[in-house]
Amino acid sequence: MDWAGILSESARQFVGIQAMYFAIAAIGLNIHFGFTGLLNFGHAGFLAVGAYGLGVTVFWLEWPWWVGIIVGLLASIVFALILGIPTLRLRADYLAIVTIAAAEIVRISVRTTALADVTGGSNGLNGFNRDFTALNPYNDSFLGFRPDQLWPLTVGWIIVLLSVGVTYLLMRSPWGRVLKAVREDEDAARALGKNAYSIKMQSLILGGIFGALAGMIWVLAQGSIQPSPQDFGAPKTFFIWVAMILGGTGRLWGPVIGSMIFSALLQFTDLTLRGAVSAGYIPEWLMDGVQVGQMRFILMGLGLMLLMVFRPQGIFGDRREMALDV
Amino acid sequence: MSEQELNPVFEGVSPTAGSAKPDAILTADKVTRRFGGLTAVNVDHLEIQRGVITGLIGPNGAGKTTFFNLMTGFDTPDEGTWNFDGIDVGKLPAHVVARKGMVRTFQLTKALSRLSVIDNMKLGAMQQTGESFFKAFVKGLWSAEEKAIEQRADELLERFKLTHMREEFAGTLSGGQRKLLEMARALMTDPKLIMLDEPMAGVNPALTQSLLGHVKSLRDEGRTVVFVEHDMDVVRDISDWVVVMAEGSVIAEGSHASIGANQAVIDAYLGTSHDQALDFNEEDGEDA
Amino acid sequence: MAGLFLFPASAGAQDDSGFTGTITVTDGEGEKTPAEGIRFFVEDAGSLVGEGVTDADGVFFIPVPAGTYSIAVDIDSIPEGITLRNPDRPQLDDLDINDGQSRNVLFPLLGEGVVSTVGAGGDGLATRALRLAIDGIIFGLIIAMCSIGLSLIFGTTGLTNFAHGELVTVGALGALLFNSTGGFGIHIVLAAILAVLLAAAAGGVNEKFLWRPLRRRGTGLIAMLVISIGLSILGRYVLLYLAGGNRQKYEQFGTQTPFEIGPVSMVPRDLWIIGLSVVTLVLVALAVQRTKTGKAMRAVADNRDLAESSGIDVDRVILTVWVIGGGLAGFGGVLFGLNQGIRWDMGFELLLLMFAAVTLGGLGTAYGPLFGSLIVGLFINLSTLVVPPEVKNVGALLILVVILLVRPQGLFGQRERIG
Numbered sequence: 001m002d003w004a005g006i007l008s009e010s011a012r013q014f015v016g017i018q019a020m021y022f023a024i025a026a027i028g029l030n031i032h033f034g035f036t037g038l039l040n041f042g043h044a045g046f047l048a049v050g051a052y053g054l055g056v057t058v059f060w061l062e063w064p065w066w067v068g069i070i071v072g073l074l075a076s077i078v079f080a081l082i083l084g085i086p087t088l089r090l091r092a093d094y095l096a097i098v099t100i101a102a103a104e105i106v107r108i109s110v111r112t113t114a115l116a117d118v119t120g121g122s123n124g125l126n127g128f129n130r131d132f133t134a135l136n137p138y139n140d141s142f143l144g145f146r147p148d149q150l151w152p153l154t155v156g157w158i159i160v161l162l163s164v165g166v167t168y169l170l171m172r173s174p175w176g177r178v179l180k181a182v183r184e185d186e187d188a189a190r191a192l193g194k195n196a197y198s199i200k201m202q203s204l205i206l207g208g209i210f211g212a213l214a215g216m217i218w219v220l221a222q223g224s225i226q227p228s229p230q231d232f233g234a235p236k237t238f239f240i241w242v243a244m245i246l247g248g249t250g251r252l253w254g255p256v257i258g259s260m261i262f263s264a265l266l267q268f269t270d271l272t273l274r275g276a277v278s279a280g281y282i283p284e285w286l287m288d289g290v291q292v293g294q295m296r297f298i299l300m301g302l303g304l305m306l307l308m309v310f311r312p313q314g315i316f317g318d319r320r321e322m323a324l325d326v
Numbered sequence: 001m002s003e004q005e006l007n008p009v010f011e012g013v014s015p016t017a018g019s020a021k022p023d024a025i026l027t028a029d030k031v032t033r034r035f036g037g038l039t040a041v042n043v044d045h046l047e048i049q050r051g052v053i054t055g056l057i058g059p060n061g062a063g064k065t066t067f068f069n070l071m072t073g074f075d076t077p078d079e080g081t082w083n084f085d086g087i088d089v090g091k092l093p094a095h096v097v098a099r100k101g102m103v104r105t106f107q108l109t110k111a112l113s114r115l116s117v118i119d120n121m122k123l124g125a126m127q128q129t130g131e132s133f134f135k136a137f138v139k140g141l142w143s144a145e146e147k148a149i150e151q152r153a154d155e156l157l158e159r160f161k162l163t164h165m166r167e168e169f170a171g172t173l174s175g176g177q178r179k180l181l182e183m184a185r186a187l188m189t190d191p192k193l194i195m196l197d198e199p200m201a202g203v204n205p206a207l208t209q210s211l212l213g214h215v216k217s218l219r220d221e222g223r224t225v226v227f228v229e230h231d232m233d234v235v236r237d238i239s240d241w242v243v244v245m246a247e248g249s250v251i252a253e254g255s256h257a258s259i260g261a262n263q264a265v266i267d268a269y270l271g272t273s274h275d276q277a278l279d280f281n282e283e284d285g286e287d288a
Numbered sequence: 001m002a003g004l005f006l007f008p009a010s011a012g013a014q015d016d017s018g019f020t021g022t023i024t025v026t027d028g029e030g031e032k033t034p035a036e037g038i039r040f041f042v043e044d045a046g047s048l049v050g051e052g053v054t055d056a057d058g059v060f061f062i063p064v065p066a067g068t069y070s071i072a073v074d075i076d077s078i079p080e081g082i083t084l085r086n087p088d089r090p091q092l093d094d095l096d097i098n099d100g101q102s103r104n105v106l107f108p109l110l111g112e113g114v115v116s117t118v119g120a121g122g123d124g125l126a127t128r129a130l131r132l133a134i135d136g137i138i139f140g141l142i143i144a145m146c147s148i149g150l151s152l153i154f155g156t157t158g159l160t161n162f163a164h165g166e167l168v169t170v171g172a173l174g175a176l177l178f179n180s181t182g183g184f185g186i187h188i189v190l191a192a193i194l195a196v197l198l199a200a201a202a203g204g205v206n207e208k209f210l211w212r213p214l215r216r217r218g219t220g221l222i223a224m225l226v227i228s229i230g231l232s233i234l235g236r237y238v239l240l241y242l243a244g245g246n247r248q249k250y251e252q253f254g255t256q257t258p259f260e261i262g263p264v265s266m267v268p269r270d271l272w273i274i275g276l277s278v279v280t281l282v283l284v285a286l287a288v289q290r291t292k293t294g295k296a297m298r299a300v301a302d303n304r305d306l307a308e309s310s311g312i313d314v315d316r317v318i319l320t321v322w323v324i325g326g327g328l329a330g331f332g333g334v335l336f337g338l339n340q341g342i343r344w345d346m347g348f349e350l351l352l353l354m355f356a357a358v359t360l361g362g363l364g365t366a367y368g369p370l371f372g373s374l375i376v377g378l379f380i381n382l383s384t385l386v387v388p389p390e391v392k393n394v395g396a397l398l399i400l401v402v403i404l405l406v407r408p409q410g411l412f413g414q415r416e417r418i419g
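Chains as they are written, first to last, in the numbering used here: chain A, 1 to 326; chain B, 1 to 288; chain C, 1 to 419.
Hints in this document: simulated from the structure, not taken from any laboratory. Possibly wrong hints are sitting among the right ones.
Unchecked claim - Which chain A residues face chain C? A few, computed with CB under 7 Å, are given here:
#, residue
1, I97
2, I105
3, T112
4, R146
5, F238
6, F297
7, M305
8, M308
For each residue, glycine too, the CB sits at the ideal point set by N, CA and C.
Build out the structure end to end from the sequences listed, making use of the hints.
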């Protein structure tokens, strides 16, 4: 087994594209759940809405990519409103159910043949990132990343830092104080004149914007959008959840560190299992190539459960400060 | 107030349920709330006098907390209207009612455990510029206001003797300290009417006197206080006026002395068939 | 090699630049099989620079240096009866290839006889509506069977069990294991009974070894909700791992001769599903209303502490709820499998519909799920009269949103008290 290769490849994933856009998405989810206590289980829907908002605008309307970004952001605001208006006055469980359903609906809608004229159906969209890639200043590879990867990586990680900054500014302000209060006990906050519904909606919108940004930077990096379940469906949402909880909810850097570790870990287990299968350590009848890919989900589901049971505060979290009763 | 003295503002006010007050800050009319087949609240008419301490008593299940919930917007009635300080607050949501100056505390204290004591206090201040989403980013827009709020908070903490716990998480406070915190925090809102739901519940006797003193000081500042209590000594000690509820309705009002002698009140607490003396005759105990 | 689909395109696994893709044929039930022998041409400004053919897994790779190209499928290489899904687009133009980039392209194919999904002609509107209504009722009964457990578990423990779909799948897959010739080869009726017992046991194991210990250590409901989501993922992918991704059928009652009832044609299997469901649901309803256990269940759902202090063994009641809920879900899974085939994620597919049904009927109530399920089943099936079938589940979400706006406690639930 090529351990050197496996370790170096996994280490690269600490700062790779997946870690990058996961970090942005997880920062958004952290605002929803870590700081506000909202159960958003359809975060992939925000990624999809952002990505398609951008892709459709550039591909069909042939407007500049920065207009596409604005469209994607507006679309995510609308999506957040659709999710929030019926559910934010009710119990937490309802938001969970509605968000899962809504994300699934978004995914089905973008791949249905009926809307294919706009969304590209199950083919997805290609080639809308030309203007973005044209700005690429890099010519050489670095750390094993090609020049065409380095550009979105740079932009993306800058966005990560800016997002952390935005979160920091908000959470240390009186707005952040009200949010923490609403998270813990909505009625107490209302009795002090705070509009709990309104601030929850603002939080939903803000976290959704980060999700849309993550979706957009990701498809700009890839150059295409494919509406497969892995890309914009439940699996992606759950990956982001695990990354967030791993790092520690309700903490500033938790989602970033969690995403980095998670991406590296995912790559490591994948490569190790594949290596073990091709080297013969794991017999073919026990695990074939396809099943290796499924292993990551099995481990992730197990990981999420173990995390929640034994260390729900993740790496950086403070158990006393958690939004959950754990 | 001792048993004999009656606050002079109540001179001439009839000690009957639903009586008119010279300067009512809260007036409620025909307020009803039903849960399935059960009528939890059915208040025909009630007026709360401004600037005094009114005690709201009654047996368990009388509807006192539900009445609080309705008045402050935490629940919606089936019928009824009520005015606070001249404004119809019937359809307003809870946080707007609080902003208008009618603030309530909760039976089970809601000290926000995961915030520090000082943050709890600062939270109480209303209309903070920094609480608005876009302004929150620019510290310069709200830092002066924040300092002023912090100063006010520290003064209140001093008054309620909680300064030494300033930086601690509210979750580490004792039960009695949490009651003090909730009261102090409510004061940060600068309320006109403060409704205390069982402020003495679960508080040790040593702390009770201190709390009573604070409640009286609220009135002396010019605020109106309504509080729910079961402890009759407390009620006697600080109420200027007493309202009695039973089975959802107001059955009596008056000074503490007149309430104590009121037949309807006795009936409510003890049950109606009491004209026979309670008899613990030994002979009746054993089987024949 | 099929694993290529699971990795992001920029995994950097290959050093050669070029075009790649996995070409599949989709049949009438949405199943994809790899297409071998499909040829592709890559052109640069009109001149041919590369070509390739898909292998047995449907995968092709055409190496080209960095540049801008068009890629087109060779129509002649597509077998008889199979068509391009987008016949107007056999070619993609202006695609950039960068150094070391292996770019994925899609050219989906449709199987024999599969046509575009919208607007089937032939039957009149009334006939179609009637057929859809019957399908809707069948589907609704299946949803009802599966979701009773969900509602009761919520009622007695407060847990929103996101792993409930997996109990359904366990039932269906269990019956498949017992029934299929590769498995135990038992007749489906007996296999179904065994599967229901298996699912009931799974429910019991869930409660005894996971939820009860968590309740004991005071884990909050939201944390448990997240744990149930983790369990759902774990369960689903283990089932996928073990059973594979293809849709399968039971050995018996598969293809049957339809007979006419009035204007619609039905198969005996439909009637059996309806009959068995109705009988089971009625029995369950009666049991909840009349038996001691049923009353205990309702007492615990209403007020756990009060039930406990009146001598009810709450843990035992909760275990009963899980076992019965699991068994019913498993039974629903078998019926669902008979009706629409068996897949590893069939339970998860159903989960959203179950939530819609239970929310509509009233979380925690006994009759709620039944009415909610029938309404959901009818609505989404009839909605295909106006929307394409693959989006019909959207109807369930709409129901969910409307109910939450208008009457969040559902048809039969009680409004909640604050304070």
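Fill in: Numbers of unmet hints, in rising order
Going through the list in order, the structure violates no hint and respects every one.
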